[in-house]
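First to last, the protein sequences are chains A and B.
Taken in order, the first sequence gives residues 208 to 574; the numbers are from our numbering.
Taken in order, the second sequence gives residues 208 to 574; the numbers are from our numbering.
Hint data in this document are derived by calculation from the structure and do not stem from the laboratory.
The reader is advised that the hints may include incorrect statements.
Note that identical chains are pooled: a pair holds if it fits in a single copy or bridges any two copies.
Claimed, not checked - Calculated pairs, DSS-like style, for lysine-lysine (alpha carbon to alpha carbon, straight line, at most 25 Å): (1) Lys-218 to Lys-328; (2) Lys-561 to Lys-541; (3) Lys-483 to Lys-279; (4) Lys-509 to Lys-298; (5) Lys-292 to Lys-250; (6) Lys-488 to Lys-267; (7) Lys-483 to Lys-561; (8) Lys-310 to Lys-326; (9) Lys-488 to Lys-279; (10) Lys-391 to Lys-270; (11) Lys-291 to Lys-422; (12) Lys-250 to Lys-457; (13) Lys-291 to Lys-509; (14) Lys-209 to Lys-250; (15) Lys-314 to Lys-298; (16) Lys-279 to Lys-310.
There are 2 protein chains.
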Amino acid sequence: MKITCLQENLKTSLNIVQNIIGRNLTLPILNNILVQTEGGRLKISSTNLEIGINTWSAGKIEKEGAITCPAKILTGFINSLPNKKIDLETKGETLVVRCENYKVTLKGLPAEDFPLIPKIKEPALIEIEANILRQGLAQVVQAAALSESRPEITGILFKIERNSLILAATDSFRLAEKTILDVKKEGELSHSIIIPQRTVQELIRILSEQNSSVKMVLGNNQILFEMEDIQVISRIIDGQYPDYQQIIPKSFLTQAVMERDELLNLIRIAGLFSSKINDIKISLRAGRLEILSQDPDLGENKSYLEAEIKGKEIETTFNYRYLLEGLINIGTKKVFLGMNSETSPAILKPQEAKENYLYVVMPIRLN
Amino acid sequence: MKITCLQENLKTSLNIVQNIIGRNLTLPILNNILVQTEGGRLKISSTNLEIGINTWSAGKIEKEGAITCPAKILTGFINSLPNKKIDLETKGETLVVRCENYKVTLKGLPAEDFPLIPKIKEPALIEIEANILRQGLAQVVQAAALSESRPEITGILFKIERNSLILAATDSFRLAEKTILDVKKEGELSHSIIIPQRTVQELIRILSEQNSSVKMVLGNNQILFEMEDIQVISRIIDGQYPDYQQIIPKSFLTQAVMERDELLNLIRIAGLFSSKINDIKISLRAGRLEILSQDPDLGENKSYLEAEIKGKEIETTFNYRYLLEGLINIGTKKVFLGMNSETSPAILKPQEAKENYLYVVMPIRLN
């Protein structure tokens, strides 16, 4: 392999693929990045066996070929070079990198030993703006379960029906759901696909640098997210996602509307004084949302906020972290809080319905 | 105690004092901040028994008094409040904090149990601009030894003579020295004072927010740095600082001048390929500084830089981290490197003599 490219392009490619690479002692090639020529361009790939990433960029190819090199050193080195022309040339099992006054010889491993990243050649299920997908994913990703005891809820549900994409995540203590309307959809079929949280985190990271649209392509137990010059391929989680619609309350005995930023700060401060189970007590009455939190060692916090309240008085205990995470994902000026009883799920959502976002949180039962 | 103050003022005071407070399990009051009234103002203090910090700010005092409260919760809580009036009131062993719609009751410990921070009532040795002192300290602080085997070099030397303040630090592998001229000095005596690295780090942090001047006052085994409304009191390290002047080379068989930023990048990249002992080989010859570094597992790096070189050819091995630390503290466009032999100390310094900074580094001996 012999190729000339710009430092800027190579740097961008490496930073797209390098994040999924951990430190693998049993299979050292998983610490490496695959560098190769393909279709007159430079192709850079990484995999952790669960997620694979490919990216292509321009280069002047003198000789076709491929090699793998340790991700950390390759990325660290290329990031530090000036934005000039870089020559990449394989010599046996090494990659020689030249850039102005720098010459580096990197030990590599043969490209043939690199795990195959599956190719998916189906038609796309949907196409969606990168920025809209990124924002939607960021609003739900944190609510997914971390424990593997119920694998299906460790992922994020992508539900495609008619012209909408519904994104949902829950760990059974809280649930986040975002509906994206007017998605460009091929075919008539509906799909429910569960995608690992790690893949979604990686997608959010990569999408934040993209302006184009993303195609979602379903393969055999694999999903492909295809952008301009970038592919993210991931395994799908097997299983049936819980029918969470039934736990979302549709009507409320108590409704409150208040300033989002003020509520966020109130809960943040109350959290400082919560006990080990992160409990804070919220009551809605007489035009006020009041919070009480107590830690036997530190002291207590009482605070309140003016709110427009409709319905009966209520007092409920929540995990303040769950409330915070929901509020952070609501970007609107005013937020709606709906409750029914001390033990039934509450809803946080933007006051504006067009946001199509909701966050359900279970109270803490103190008995 | 009952006092009203502005959130902004209290927040600033707490952030000045809180950084030295660790997590002390044997003496819990060391986790606390002392809040008291003094001379019609609000005084906030902290100590870790090695360093003590006092700071004063405006407040409307209704009732004199004092209490101590856990630093972490007090600081976290006050930082989050809106910039409005805050009422502080002691009730038994608690501090009640009120601010608009917030009311917090914090458990405290009696002020009488708080360790005494020594008072130093001597005339000042010198007075110096905060910004100049901060910059000088930042240029030397990292070179101090971390190991306690020679306690005297774990501190930073403050040498006061005539109208200058010399700051020096070394760990015997490298040495940094900064001379500050035209210091306002009282009296005729010279002084050599060794101040702990931790104190100097804290001073750098606090000075970066100050515009006024700093007075340095010597007490009995203690030193006081006095700013407007802030005092930092620290123990002094006993012992004789090594006579390091003798190891600073005064003439050079090889001299090189080059671009500081380019050299910094060259060394940073070379460091990626250095072996476990951080070794990189530097040679000066024929108008070039060349670097070679090799790691048996990763590969090798060869790079060079145009330099104005005078004197004989030379090749020497250095710890790249030491060179980097020196270079980072040199802010000028061009840097001077002087060497005499493979085994004798080299000097890095700004090309401009008026900077009054020098950095000596010992080569690595490879036999």
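Hints and how they fare:
no. : hint               : verdict
1   : Lys-218 to Lys-328 : neither (28 Å within a copy, 59 Å between copies)
2   : Lys-561 to Lys-541 : within (13 Å within a copy, 59 Å between copies)
3   : Lys-483 to Lys-279 : between (39 Å within a copy, 16 Å between copies)
4   : Lys-509 to Lys-298 : between (69 Å within a copy, 16 Å between copies)
5   : Lys-292 to Lys-250 : within (17 Å within a copy, 60 Å between copies)
6   : Lys-488 to Lys-267 : neither (64 Å within a copy, 34 Å between copies)
7   : Lys-483 to Lys-561 : neither (37 Å within a copy, 58 Å between copies)
8   : Lys-310 to Lys-326 : neither (35 Å within a copy, 60 Å between copies)
9   : Lys-488 to Lys-279 : between (47 Å within a copy, 23 Å between copies)
10  : Lys-391 to Lys-270 : neither (40 Å within a copy, 69 Å between copies)
11  : Lys-291 to Lys-422 : neither (33 Å within a copy, 50 Å between copies)
12  : Lys-250 to Lys-457 : neither (50 Å within a copy, 54 Å between copies)
13  : Lys-291 to Lys-509 : between (59 Å within a copy, 17 Å between copies)
14  : Lys-209 to Lys-250 : within (13 Å within a copy, 69 Å between copies)
15  : Lys-314 to Lys-298 : within (10 Å within a copy, 69 Å between copies)
16  : Lys-279 to Lys-310 : within (17 Å within a copy, 50 Å between copies)
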